[in-house]
Each structure stands twice: as structure tokens, then as C-alpha cells.
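The sequence shown maps to residues 44 to 331 in our numbering.
These are calculated hints, taken from the structure and not from any lab test. Just so you know, even glycine gets a beta-carbon here, dropped at the ideal spot from N, CA and C. You may find that some hints are simply not true.
What the hints assert, rightly or not - Estimated spans, in silico, between C-beta atoms of each pair:
| # | residue 1 | residue 2 | range |
| --- | --- | --- | --- |
| 1 | G210 | S304 | 30 to 38 Å |
| 2 | N302 | T193 | 17 to 25 Å |
| 3 | Q208 | I100 | 41 to 49 Å |
| 4 | T160 | V281 | 48 to 56 Å |
| 5 | K249 | D109 | 18 to 26 Å |
| 6 | G247 | D109 | 22 to 30 Å |
| 7 | Q208 | T91 | 47 to 55 Å |
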Amino acid sequence: MRSVVWSLMTVAAVALAGCNNSSNPSSSTGTDGTEASAPAAGAAHSVTGTVTLRGGIMPSQQGKLDISIVDVTAQGSAPLATKTITPATTFPETFELDFNPANVATNDLYIVQATLTDGDRHYTMPLQAPVLTQGHPTTNVGIELAPEQTPGEKLLVVFQGVQKQIGGMKRTAGTKLEPNASRAWQVFREGGEVKFIRELVDYGDKGFTSTDYAYKDGKPWAVQQQKKSSQSAKPNSVDTAGWGDDGSLVLKTHEAGGNTSALGDSDAQNLQQQAKDILNMATGGKGK
44 MRSVVWSLMT VAAVALAGCN NSSNPSSSTG TDGTEASAPA AGAAHSVTGT VTLRGGIMPS
104 QQGKLDISIV DVTAQGSAPL ATKTITPATT FPETFELDFN PANVATNDLY IVQATLTDGD
164 RHYTMPLQAP VLTQGHPTTN VGIELAPEQT PGEKLLVVFQ GVQKQIGGMK RTAGTKLEPN
224 ASRAWQVFRE GGEVKFIREL VDYGDKGFTS TDYAYKDGKP WAVQQQKKSS QSAKPNSVDT
284 AGWGDDGSLV LKTHEAGGNT SALGDSDAQN LQQQAKDILN MATGGKGK
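Start from the sequences and build out the full structure, keeping to the hints where you can.
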């Protein structure tokens, strides 16, 4: 009888120890010591979708597409998933972002962030794309990217604005006859500063140029030069150059025959020197 009682007590003790050592299959302990819910069975482990470009512009071989899933609620946290596609030249572009479901905070808001960089051109998302939690999708996510103005395009818009305003500025004029050319110019001032100079140069049989120069603080910041066979002819080419506040060349275009290409650095430097020369000539060396 005593041996039977002992056996029953032993079985009960073993069963009790087993209960104390078993783990809860629906929870785990996080790195901060708190209990975190494990991912539900069948939880999503990826987000898929398609990126399109607005405006029908196709990027060059320099195109680089960066895509990530970001926790908007926990700002500053590391992305849930990231991917870089390069070269990104053909759109629509499909994507799949894989992640560990255990890293998803079910009460947080997640969005897909995508940017395309193509040289000076940047494409960004006009609209957010929520995914994953709070009933938002994990498949067939549509991302649209829109091109932003390049620094050169922004500068050109400002330059064209100044071109339209010169009629309201104070104007002086001058001419100079040279052995191989005849020059005429108009200087436009505002607040005692030279803002703009328009120069016409007749080279006889060698052609004609019409050049607009814009200045800030006595320094050239944009130049546009038309080359023609004669004064009344249509331009054979149009060269445009512009410099940022730090002096870097941000606008450099050469238009000819209906095509636009990059203006060479040496040609841009030549236009900048012409701007300095005509400013010196038109102001008698005063620069204002």
C-alpha cells in the first residue's frame, strides 16, 4: 500500500513541474522584458505592388528606385523592409518587400515610401500609400511617382520671370563698333543695381547673336544666347547656362534642330565670361 501511494505522489509532482516549465505558445518575451504577441498564423510576410511614373518620362540608365516600408507611428524607427532597384529604367516597375511578421506592430500605421533618382531629377510620391495594418492592403499596392523640378529648371523659371519684368526697369543703352563686329546693348537697372543686359552682336557674314544676361550682386547668374544667320532669322541654336548661389553650374542646355542636350562646361564658362565682359563694358568698369 505504501508503494502505491508513493507512485501516485511522484506522478503528481512530475505533472506539476511540467506545467510550471511550459511556455505560452501565443506569446513571447521581448528584448525589453515585456510580453509581445507572436504573429498570427498566416500573417503577411511581404508587400507587393507596382510603381508608375506620372508624365510618361522614362529615366536614363542612372535611374535608381528606392522603396521601403516605414512605421509612421514609430517615427525614427528603422524601416520594416527596404529594396533598391538599379538601373530603374522601365516602368511600370513591380516590387516585393519581404519582412519578418514578428516585427510588425499591429496597432501602428505603415506606409510604402518610394523615390526615384535620375541624375538631377527626383521623383516623389504625391500621395501616401498605407499598407499592412488597420485594414490596408498587402498586395497590388499602387505607387505613383511625380517628377520634381530640377535645380536648373527652377533657376530657368526665375530667369524667365526677370525677362518679363525688364520693361518696368530703368534702361540705358550703348553701342560699340569693332573690327569684326558691331555691338549694341541695353542695360536694365533696379534699385541702382544692374539686373539685366540684352546684347545684340552682328558679325556680318559670320552670323548674329542675341544674348540675355541676368545678374545678382554684380555677378552673372544666368545667360541665354541665341545664334542666328542674321538678325531677322530664326535661331540656329540656343545655349542657356545658370549658376547657383554657391557658384555651381546647375543650368546647362543646348538646343538645336529641335533637340536638347547638355551644354558643355567650357561653353558655359565662355558664356559666364561674356557676361562679365559686357557688364564691364556697359558700365564703364563700375559693374553697376
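Here's how the hints hold up against the structure:
Between G210 and S304 the beta carbons are some 32 Å apart, a value that agrees with the proposed interval 30 to 38 Å. The hinted range of 17 to 25 Å is satisfied by N302 and T193, whose Cβ atoms lie roughly 18 Å apart. Evaluation of the 41 to 49 Å hint for Q208 and I100 yields a failure: the beta carbon distance comes to about 30 Å. Distance hint for T160 and V281: a CB-CB separation of about 28 Å, inconsistent with the stated range 48 to 56 Å.
Between K249 and D109 the CB atoms are about 50 Å apart, so this pair departs from the stated range of 18 to 26 Å. Taken as a hint, the range 22 to 30 Å is violated for the pair G247 and D109, whose Cβ atoms sit roughly 55 Å apart. Take Q208 and T91: their Cβ atoms lie about 51 Å apart, and the range 47 to 55 Å holds.
Violation of the numbered hints given earlier is confined to hints 3, 4, 5 and 6; the remaining hints are satisfied by the structure.
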